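S.K.: Here are the chains, one letter per residue:
2 protein chains.
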Amino acid sequence: MLTMQDALARLTAYWTDQGALVVQPMNTEVGAGTLNPATFLRVLGPEPWKVVYVEPSVRPDDSRYGENPNRLQTHTQLQVILKPDPGNPQELYLGSLTAIGIDVAAHDVRFVEDNWASPALGAWGLGWEVWLDGLEITQFTYFQQAGGLNLDPVSVEITYGIERIIMALQDKTHFKEIEYSKGVSYGEVFGQSEYEMSRYYLDDADIEANRKLLDIYAGEAQRMIDAGLPVPAHTFVLKCSQAFNVLDSRGAVSTAERAAEFARMRRLAGEVAGLWVTRRTELGLPLGTVPPLDAARPPATTQTSEDARTLIFEIGTEELPPGELRSARTQLLRLVTEGLAGTRLTHGEIRVFGTPRRLIAVVPAVGAREDDHVRLVRGPKAQQAYAPDGTPTKALEGFVRGQGITVTDVTSVELNGVQHVVFEKQEEGRAAPAVLADVLAQVVSGLRAAKNMRWNDPKLSFSRPIRWLTALWGDDVVPVTVSTLAAGRETRLLRTAATPVIAVESAETFIETLGVNGIVPDHEDRRELIVVGAQDLVYPDGKIDVNGEAALIDQITDLVEQPLPLLGTFDEAYLELPDAVLTTVMRKHQRYLPVRDADGALLPMFVTVANGPVDVELVRTGNEAVLRARYEDAAFFYRADREVPLALLKARLSRLTFTDKLGSMADRADRIAALAQLFASQLGLSSATLDRAAALVKFDLGSQLVTEMTSLAGVMARDYALNAGEDRPVAQAVYEAELPRNTGDALPRSVAGALLSVADRLDVITGLAATVGLPTGSSDPFAVRRAVLGLLAVHRATPALASLDLVDGLAQAAAAQPVPVSPAVLEACADFLAKRLEQALTEEGKPIDRVRAVLAHANRPSTVDVLLAQLDSLAADPGFVAVAAAIQRARRIVPAGTAGSYDPSTLKEPAELALHAAVNAVPDFSDISSFVEATRGLVEPLNTFFDEVFVMADDPALRAARLGLLAKVRDLGEGLVDWTHLRLQ
Amino acid sequence: MLTMQDALARLTAYWTDQGALVVQPMNTEVGAGTLNPATFLRVLGPEPWKVVYVEPSVRPDDSRYGENPNRLQTHTQLQVILKPDPGNPQELYLGSLTAIGIDVAAHDVRFVEDNWASPALGAWGLGWEVWLDGLEITQFTYFQQAGGLNLDPVSVEITYGIERIIMALQDKTHFKEIEYSKGVSYGEVFGQSEYEMSRYYLDDADIEANRKLLDIYAGEAQRMIDAGLPVPAHTFVLKCSQAFNVLDSRGAVSTAERAAEFARMRRLAGEVAGLWVTRRTELGLPLGTVPPLDAARPPATTQTSEDARTLIFEIGTEELPPGELRSARTQLLRLVTEGLAGTRLTHGEIRVFGTPRRLIAVVPAVGAREDDHVRLVRGPKAQQAYAPDGTPTKALEGFVRGQGITVTDVTSVELNGVQHVVFEKQEEGRAAPAVLADVLAQVVSGLRAAKNMRWNDPKLSFSRPIRWLTALWGDDVVPVTVSTLAAGRETRLLRTAATPVIAVESAETFIETLGVNGIVPDHEDRRELIVVGAQDLVYPDGKIDVNGEAALIDQITDLVEQPLPLLGTFDEAYLELPDAVLTTVMRKHQRYLPVRDADGALLPMFVTVANGPVDVELVRTGNEAVLRARYEDAAFFYRADREVPLALLKARLSRLTFTDKLGSMADRADRIAALAQLFASQLGLSSATLDRAAALVKFDLGSQLVTEMTSLAGVMARDYALNAGEDRPVAQAVYEAELPRNTGDALPRSVAGALLSVADRLDVITGLAATVGLPTGSSDPFAVRRAVLGLLAVHRATPALASLDLVDGLAQAAAAQPVPVSPAVLEACADFLAKRLEQALTEEGKPIDRVRAVLAHANRPSTVDVLLAQLDSLAADPGFVAVAAAIQRARRIVPAGTAGSYDPSTLKEPAELALHAAVNAVPDFSDISSFVEATRGLVEPLNTFFDEVFVMADDPALRAARLGLLAKVRDLGEGLVDWTHLRLQ
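Taken in order, these protein sequences are the chains called A and B. According to our numbering, the stretch in the first sequence is residues 1 to 985, in order. According to our numbering, the stretch in the second sequence is residues 1 to 985, in order.
If we strip away everything but chain A, and leave its shape as in the complex, we get (with noise of 0.2 Å):
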């Protein structure tokens, strides 16, 4: 059996056999390999390194005494560091694996998007975590940036979880039977220090000393920067981020604290990085510089055909996020589209195709060149193109020496009414290789990704690294070149493939000679492989429900190139658990799809999609190990949980920081409680529930599992609360009160449920708006905008709160806080309140006139809705037209301050006596329908009397007169519908 110090010897000497330097880990304690100097300042600037190195990484978050088989607080991190890109990094790495006996081509390897970033670092990349039959075991990133610098060359980091993958190897299920060497195990070596350290951590550490560690680490690396000192400043800064986590594992660090640290410590970053660079300049790159990649040339090329023939063109590309995959195949059918109608090439229908790791375009019968073509030149006026006499002019003669012909080729033509010279070019259409190479390296520079990033190569950009283009028109190459790449015949299978890379015949058989190696690139194949397997394997016990995870599907459909659907079970034991606990796993973590019987409920198996020609049996035992130990950390917490009584989880609360001036979660959660309550009693929905959930809202928050998975915050409180003998609507309004926990997600059925929704959310905002202010640009780290957006949503959905004013229910909030909430910032809630009903309702799809119209009632959202529906059915009523015209036209006529009052005996025209009676016998109305109702008889007087009275009367006392009855017009509605914004058919 392959030891744990023999798989980090091998590893070391396979990355020092490609040219690696090995450095020791850091003499300080870091999470990660990543802040040892040697990436982080390596990363930076110009110079090339490569190194790799075993880094002890301490994660005092992931302390659990040794107790939990997969966690532990010390975990040892093997990392690599490829500084350039090699333009292989994928393959070098599979070749790691190798190194360390693991079968490649048996097991199931994937690349599956990850994005990684370091807010304290100032650090982001683009890359995956690395999966072996469902088991995270590597992360793998091209550094971008770091230190808030960019970073050019890319660095290629690679980081294994050594642990998990000894374990894997092994077929161990806890890390301490991990055969560490020979006949030792790692928990006889390393047991006690996981304990005792984990105690440290957890309980033991002195808040007060671990703060002043904080505060002088800062200090000293402050001082060295200013000193010019980047690597001492570095190594208080890792200093500083230890004293932090320590803090935080002691649950000593509330938000606003973790935001104010993490800054601190970006911005030291950022200094040591600048001052880093700044140094390495100083001392003339000690380690030299790394040369650029040369353009590609394009390949000779000849053509071989005068017939029309498929052009293919395949963009080969390192493993593409699911979502990046969509987008890109619709902008490559765009950019083809676009490309080729820039051509005189004839061709048929363009289609695209993708997956992960490829992007093609096809079209057939693509025209073998341009027709040929005229062009008129336009030379000279014929009046100064020839003189009087006819002879040519010195105009003339310039035009045709220039283009290379004589007086005897040109033609008189008239171009917009004046005669010209003009000479008419024949143009030969150029071949079809040569017009799609201009076309197709457009397409490769035009596409983008969300996020786009830089490898290797100097000019281009984009969600992952594109490392291999062909394109063929019939039998021959397409001479594309972009950058660094230039377009072959060769296509490239499965990196486990026996022949990864082949050559391809002709554009017409390359879709075959992928399918007959086993890659799928149409999406719906793939798809229908995947479902149809999926069910097959299923069948007959259970089935997957196509339609609830058609976005898992998609997913995954996107994520192999040739999908293998594997059948894994799981142990029985585990369906204790809740469902939402089980498919969160499943769905969240591992993209497995979760087997349902006919009655919807989960059975003990799964379905997971592998990439290709797997040894299955290996690849099922893997994945069932990876989900059993995912099940088996859930159910230790589980159990664990289920055996505290509720007050004791809720209590646990206390030490919990919401922010450092707004309190604990226990204090939040009283705030939100008698918040609800006052509602309740102001609109008479006091309920015995009500008062039990609120006494019990957000104890789960002091549980294990929901510490562990957040999402399952609400779920795990109405379980443990059923569980502990809750009444089921005080169990589900708990529930209900963490809804809605994102876009679109349920809402509070109950009413005690939807006012604790209410509140929390009402908590949430003005407390933070007190403190660290709403939300500007696309920052918002408190998550406020989603606050409102769900307090809008809960009062939207919920009939009973009707009558409830979410302003006065912001300065009801506003008043528990222990901060003062100043009426500047309550003005500015109630307006982005006011502001998100808008945009959300226009998103919604209604018409922003109407929005705008009634928005004044965004205090009362769901009356906003019903004067919204109103508009919506009574638009088109002739009476609600010209009644709201009128007003419209009265609002213009009248100026501004004129008052809806006048003397009614000054009237003298019957058409204005009309309107006068009409006006004043309009009834009460409550809402647009009952309006157009009361305004009907305004309909008839208002047009005679728009068609025969002349308002602005010499006569000034009539005039007044006038003005007052149209102003008692303009009136109508008010504070109903904000007329200056409707606007009428």
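Treat each hint with caution, since some may be false.
As the list claims (entries may be wrong) - Keeping only pairs whose Cα atoms sit at most 20 Å apart, straight-line, the calculated EDC-like set for lysine to aspartate or glutamate is:
1. B:K212 - A:D215
2. B:K543 - B:E624
3. B:K212 - A:E47
4. A:K212 - B:E208
5. B:K172 - B:D571
6. A:K182 - B:D17
7. B:K182 - A:D17
8. B:K182 - A:E47
9. A:K176 - B:D955
10. A:K212 - B:D215
11. B:K212 - A:D206
12. A:K543 - A:D579
13. A:K212 - B:E624
14. B:K176 - A:E282
15. A:K588 - A:D633
16. B:K908 - B:D955
17. A:K182 - B:E47
18. A:K661 - A:D780
19. B:K176 - A:E47
20. B:K425 - B:E397
21. A:K176 - B:E47
Everything labelled a hint here was simulated from the structure, so no lab data went into it. Predicted model only: the values in this text are computed from it and were never measured.
Please build the complex by placing chain B on the supplied structure of chain A, with the hints as guidance.
M.R.: Okay, now just chain B, sitting in the frame of chain A:
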């Protein structure tokens, strides 16, 4: 070329092949691999442990900005722990050198005594520095204690200094030039860090911040100890250590603070160690326990000779320190002599030999067996043996039954005047091998060193491990067994010999066998080879000062088994360095013999003595490189120092703390200067030379060279002063201020030097007595005892200071201290001075009675010398003896408190009148010579008085007068000599 990273990988692989675990370096800064818990904690308790790891070791004090070719603030250790001692760790170690391509037979690899101790860890062990051609490349230690706990089993610690080894292997003269990995130099990778961390440690670390860190760390360590968590506690002890080292390198640690911090760390480390052992025991010793070694079985032997044969006994050891080897030879002779004396074996003259690896006893003509022997066995008293009728009693019957004889076998003899029944038992002499086996076993267990250690043997203890026994009597193995060792006929040659173990034919050929194989067992033979060889090598250019270097030559002689003197040279340019610098390095650091020309001037060459048939060129080159590096170091400092004005060097003293309560070294120098000038003015010895020397005194402590080689303090002061243009007498006085540096050292010859020396020592004594107290027991961390001995020596040797009263001097020095010095402390100092003087004088051979008789003059030690000399020459003077005896007699007769006055008119007897006249005629005297002259006239009257006068007359008046007269005699010489102590011949 083997790169540094390859060397680390190969060493790691070598030790893992030997079954070692690999762990990672400590993730907090440590000064050495020993501090890593994989050493410090794992050597404790009964569990086995075998580990190898790299440890970047941080020594802030060694920071040199990366400029010094051999000194780094972070150097790389490779650390190996073997627990238990595998029995052949040296051989395993040599195998590891082979693994990195070192031909251990061609190079001179030596194990040179090194006793390791870490006061801060409460740890110590015995072992060696391993030298490769004179270069220290490894520390090799048998750990005896850690955290104040005895270690059982003992661990072997092997610590490789990687940079040094690689520099030697790669033939580099600066660490930055090391090829770290293929094509990448050490400097390119670590140069910047070396510079910047040096800046932090030497210049930029914030002292207050690091003081706070130290206290916080100590606090957390204590808290974790209290919580019963040794692992985090240990981490914080390490952090304490680093913070302390940072403060130290910033010059912020006073002597007293150092002692206090060491005490704190030692206490914490001790508690950590104790806790660790407790916890491991509670955990059931997860790694098991080390099985004890079996006791040896004696070899089956037959005796093949009945003639007397030679006995040889060889005790094979690992390399003994020269001092212990000397002592062991003496012990061996004594133990064998005593052992044989306890047998009845005949034998010739016993001779003993020894090399670092063997102790040998040779005894010619040892009889084949003991002579037969008659032993008288005593039975019952005759009276009780026979009944009155002559028949045997039960008592007699019991006796004969017990002896297996009959009544007829007994006779009767008188014993102690009583007739007893006896039996003359014929005892056969035992065979030599059996007798010798017992004797030799006692010899082995009887060996003791000044400092003893344990290894893997459960019962033995010695200076270094005993690994084999060779015992032959003639052709036969003497079946000696001691604990786990059994003697055989095999002996071991050099470890690098083609056949390292050979069988010995017979005792008679043993020494020859060794000789044939190159081993020179006799110290004198080896010494001769070295002296003759060395003189040959340097002839005719120079010579070795064999007498002057006698101690060094003796030491070298006992460092080798097969001496091979080699001549090395060094660059003449280094001769610019002071003689003392060059020779200190050669003698003390390298054990090289300096070579001088006919005038005694150093030549640029040296003789080193290799062990065994090495590759001469290789070893010479290696040694030359080592010396060059050391001289380069020294020259670097020397040149730098000489460019600094003396005033600036002196100014640096304010940055050196003497002790926290006694101020800086600058304060101390000021006090010394003022005190010396005060004495000078009191004694009329003031001079411009003194004034200038006083202004400069101790300035060289501010130089880099003295910081490096503290033993050169004073020597460098003279050199730098002359270089700076000071007058020679001034330079000499500044030098002499430091004299004597130890017992037997030179003393000041100039008055100015003596005054400064005395002032220096008075300052030390009073200051430390008042703050930390005078030394008690063997502990004297501040060397106050040495200061006192120096003070006495200077006073005694300097006639000009004869009238200087040291007790007054103490008071004057005390008055200048920044702390109050109480009268009680001053009294204790004076007492301490007197005691040391008494001790010094008796050690010089002065009779204790005379010393005590004049010790009242200890405040002027030179007076004591004068008086003692006079006592020496006058002790036999009959006049003196008579007077002295009379005085002592008078002291006995006269009651205490009797005054020496009387009424002369009361006296009547001629004898008493004569004495009265004589006593009153005694002239003044100032010393013992004049006392003898002055009292010569008393001899006769005293004799007569004691013969004829009965003092205790009945008449009270008469008796009072006589007692008064005698009291006057008694008081003669009072204050000059304390007659009580004086023993008269």
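S.K.: For each hint, tell me whether it holds in the structure or not.
M.R.: Cross-check of the supplied hints:
1. B:K212 - A:D215: It holds: about 11 Å lies between the C-alpha atoms, which stays within 20 Å.
2. B:K543 - B:E624: Roughly 19 Å separates the two Cα atoms, so the pair holds.
3. B:K212 - A:E47: Violated, because 38 Å separates the two Cα atoms, which is more than 20 Å.
4. A:K212 - B:E208: 13 Å, holds
5. B:K172 - B:D571: 17 Å, holds
6. A:K182 - B:D17: 11 Å, holds
7. B:K182 - A:D17: Given pair B:K182, A:D17 holds - Cα atoms ~11 Å apart, limit 20 Å.
8. B:K182 - A:E47: Holds: B:K182 and A:E47 sit about 16 Å apart, inside 20 Å.
9. A:K176 - B:D955: 104 Å, violated
10. A:K212 - B:D215: 11 Å, holds
11. B:K212 - A:D206: Holds: B:K212 and A:D206 sit about 15 Å apart, inside 20 Å.
12. A:K543 - A:D579: 16 Å, holds
13. A:K212 - B:E624: Violated, at about 52 Å.
14. B:K176 - A:E282: Between B:K176 and A:E282 the Cα gap is close to 18 Å, so the pair holds against 20 Å.
15. A:K588 - A:D633: Holds, because 16 Å separates the two Cα atoms, which is no more than 20 Å.
16. B:K908 - B:D955: Distance of about 12 Å is within 20 Å: holds.
17. A:K182 - B:E47: Answer holds: A:K182 to B:E47 is near 16 Å, not above 20 Å.
18. A:K661 - A:D780: Roughly 18 Å separates the two Cα atoms, so the pair holds.
19. B:K176 - A:E47: With a Cα-Cα distance of about 18 Å, the restraint between B:K176 and A:E47 holds, given a limit of 20 Å.
20. B:K425 - B:E397: 17 Å, holds
21. A:K176 - B:E47: 18 Å, holds
Checked against the numbered hints listed earlier, the structure breaks hints 3, 9, 13; every other hint is satisfied.
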